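Chains as they are written, first to last, in our numbering: chain A, 45 to 431; chain Y, 1285 to 1665.
Where hints are given, some of them may not hold.
[To be verified] Restricting the straight-line Cα-Cα distance to at most 30 Å, the calculated cross-link-like pairs of lysine-lysine (DSS-like) are: (1) K274/A <-> K1437/Y; (2) K429/A <-> K1299/Y; (3) K429/A <-> K1662/Y; (4) K188/A <-> K1344/Y; (5) K298/A <-> K1379/Y; (6) K1433/Y <-> K1379/Y; (7) K274/A <-> K1439/Y; (8) K1471/Y <-> K1379/Y; (9) K1379/Y <-> K1439/Y.
[Said to hold, decoys possible] Over 10 Å on every C-beta distance to chain A, these chain Y residues come out as not near it, computed from the model: (10) E1436; (11) E1562; (12) V1646.
[Stated by the list, open to error] A few chain A residues facing chain Y, derived, Cβ under 10 Å: (13) N148; (14) F245; (15) G325.
Don't read these hints as lab results, they were simulated from the structure.
Computed from a predicted model, the values in this text were never measured in an experiment.
Cβ atoms here follow ideal geometry from the backbone N, Cα and C, with glycine treated the same way.
In case you want the letters, here they are:
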Amino acid sequence: MALPLKYNLQNVLVRWRSTLATILGIGLVVGVYVLMQAMAAGIEKSSANTGSEDNLLVTRKGSTSESSSIVSREQLRSLLYSPEIARNAAGEPLVSADVLILLNQPRREGGGEANVLMRGISPRGRELRPQVRLIEGRWFEGGKREVVVSRRLAARFANFELGGRFRSGPAEYTVVGHSDGGGSAFDSEIWMDADEARAIFDRDQYSSLLVRPVDAAAASNLVNRIETDKRLQLLARVESEYYAEQTSTAGPIKWLGNFLAIAMSVGAIFAAMNTMYASVGARTREIGTLRVLGFRRRSVVMSFLIEGAILASLGGVLGCMLSLFMNGYAVGTLSFSTFSETVFEFRVTPWLMAKGLLFSILVGLLGTLFPAIRASRLPVISALKSL
Amino acid sequence: MTLPGFVIRNAFRNKRRALLSTLSVAASLFLLVVLQTFQREFTLPPEDVGASLRIAVRNKVSLGQPLPARQRPIIEKMPGIAAVTPFTFFGGRFKDMEFTPFAQFAVDPVTFTNVFVDAKLPLDQLDAWVKDRNTCIVGEDTVERYGLKLGEKIKLAGTFYPVDLDLRLVGIYSGTLDDRSVFFHHKHLDEMLGGSQTVGCWWVRAASSEEAPGVISTLNDTFANTSAEVRAETESAFQMGFVSMWGNVKLLIGSISSVVVFTLLLVAVSTMSMAIRERFRELAILKALGYRRRELFGFILAESFGLAMVGALVGAGGAYALFHSLDIEKLTGGMLLHFEVTPRILASAATVAAALGIIAAVPPSLAVARTSVVDGLKTLD
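Isolated chain A, as found in the complex (with noise of 0.2 Å):
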C-alpha cells in the first residue's frame, strides 16, 4: 500500500529551515540552467524571425556569411532585368543591392569599442524588408551621410540617440531616424543609402543581393538558373532559410549553460542527499512506526522519493520564476557569423521552463534515492527503540 501525498507535504513543510535551503540551491541551479538556454533560444528566435519566405538572398558561390560575399556591379546587371523578378507599381525591379560594413564604434558609458554592422540598402531596400518598421524621426536620405539605427542597438552604443553624429571612415554621419527590426537581426544593423556608403568606404561591389521573384515558380526557376551558371558563381537561397542557419552563436552558449547546469547540479545533488539523509535519520521512529503498521519498504522508498521529488520541484518552480524576471531583457554579444554586435532577448519559453522542472526532479530522484533505500532497511525493532 502506498503512503498518502500528504504524509510527504507534511514533512517538507514541517523542516522548512533545512528544507528551504534545499529548495533555494536547487532553484538557483535549475535558474541558471533555464537562463543559458533561454540565451541561446533568444540567438535562435532572432536568426528564425529574420526574413522572408518571399525573398530570394544572392551571395558569393563559397562564401559563409552574408558579410563575406561580393556580389560585382556585373552580376548585378546579369540578374537585375531578370523576367523572374518581380516590379513594384513603378515598374522598377524589387531588388536590393546591399553593402555590410563592419563599424567600430564606442559602446555607452565607457565599454570600450565594439563592432556594429551597417547596411547600405539600394532604394527597393525596405520594401523588400516589411518587418523592419521606423518607431522614430524620419528614413534617410540617400547622399546626406544620413543613417537609421535600431532602437536596440542605439540603446547600447553611444552618438547613437536620434539628431546623434558619428564619424567613421573619411564622414560624418547623422541619426535621422530609429528602427525597430521586430526581434530579428535587422535589430543589430545601421542602414544607409547603399551607393553612398560604397563610395565613402571605396567598395567596388556589393556583398548580397536581396531579390523578390513574382512567385514560388518563379522563385525555383532562378535559384537554378543562378546556380547553374557557371559565370555568375553565385548562390541564392530563400531569405528565411538563410537567416535561420545562422546561429553559430548559439552553440557555444548551449554548451556552457549544460556544462555548468552539471557541475552545479552535481553540489546540489550532494546538498539534497545531506538534507533527506538527515530528515530520515530525524525520523528513524517514525519509518519503524510505519512498517509496523504493515507499509512495505518499496511504499517507504517510494513515499521518499515522492519526497524528494516535491522538495526539487518546489526549487525548479523558484528556479523557472526567478528566470522569468529575465524574460525579454536584452543583451548584446558578439556574433560569430557577422563579427559584430548581435542584440537579443531572454527567451524564456515554456518548453524551457518544463526542462527545467524536470531536470529539477532528476536533481530531486538522485538525491533522495540513497536516503530512501537506507530508510527502508532500517531494522524495525531498532528503529522503533530508538530515540
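With chain A's structure known, arrange chain Y on it following the hints.
Here is chain Y on its own, set in the frame of chain A:
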C-alpha cells in the same frame, strides 16, 4: 583526548555527512574555478614575449575594412620602426570543415619573422618559404593535429576571397602563444586576386620599447585625414579590443559566479546547522562542564572551517589538476586555448572557502549560545 582530536572526531562522526558536505563544497568550488578561468581567458589575453614591441595597425573604420598597400613604404620610412609586414586574414576552409579551427594569414615572409620574433623555424625552412611564392608555413599544433608533412599540399577554399589556395607546406614554426596558424605569401594572394592593392592590416615591430609610444602616435597622425585613416595600438590593446566585443557575456559569467557562491553558502550553513542540531545535547553538557561560549564557537568554527577547506582542496585542486593534465585546446576544437588555472584564481577560491567556513559556523553557534544548559539537555535529538 586533545582538543584538535575532539574536533576531528566530531567532524567525522557522521562520515557520510562529512563526505557529502565536503563534496558539495568541492563541486561548487570546482565550478567557481572553471568560471573564473573562463572569464580570464576572455578578458586577459596572454602575452607573447615580443608583444610589448609589437604594434597592430588597422583601418580606423574597423578590422573589416582593408588598408591600401601604398601605406607600406611610408611606414617603413618612419623612425623607430624595426620591421613591417602586411597581415591579411584569408578565412579559408580546410578539408570542407564547417569551422576551420586555425586561421590563415597572408604576410611578407621576408619581414614576418622580424615582427613575430617568437615564431621559430629552422633557417632552411624559412629559406624555402621565402624563395617560393606557392608555399606556406604552418604552426606545430595544426601540423600535429592533422598529421601534416613537409612537402604536402594544403588546399584552402576561400570564404572571404573568391579564390582557393593550394599551398605547399615547407616550414613548421613553434614558440608563439598560438601555434596553429598558416602563413603564406601576400604576393601570392595579390596575384590570385588579379593585382589587389589592399591588405587587411599591418603589424609593426618598434625598435625599442621606449620608441613604441612615439611610433604609435606617428602612425596615427601620418594617416589622419587620408582616405584610409588607421588605428595603431599595442598588441595587448588590440587584443583588449576583442574583449569589449564580448559585451554582456563578461557580466553574465560574473553573475553566475556570484550565484554559485551564494548557493554554496546556503548549503554550507544548512549542513553545519544540521550537524550541530544533532549534538545539541552534547554541547549543553560541555556548557554544563564549564566550557565557555567562546570555546564552543571555537569547536564549531574549527569543524566548519576544516570541512570547507578540505572541500576547497578537492574542488579547486581537482580543477587545477584536471586542466593541467587535459589538452583543453584539443578538447574544445581550438575554441579555448590555454585555460590556465592561475595561483590567483586558486587563492580566490580558497578565500571563498575560508569565508564560507567561518560564516557557516555563525548561525549554529548563535543557536548554541542562546540556549540555556537546561533547555539544551532537555533536547531530544
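Checklist entry - Hint by hint, which ones does the structure fall short of? => result Hint 11 contradicted; others consistent.
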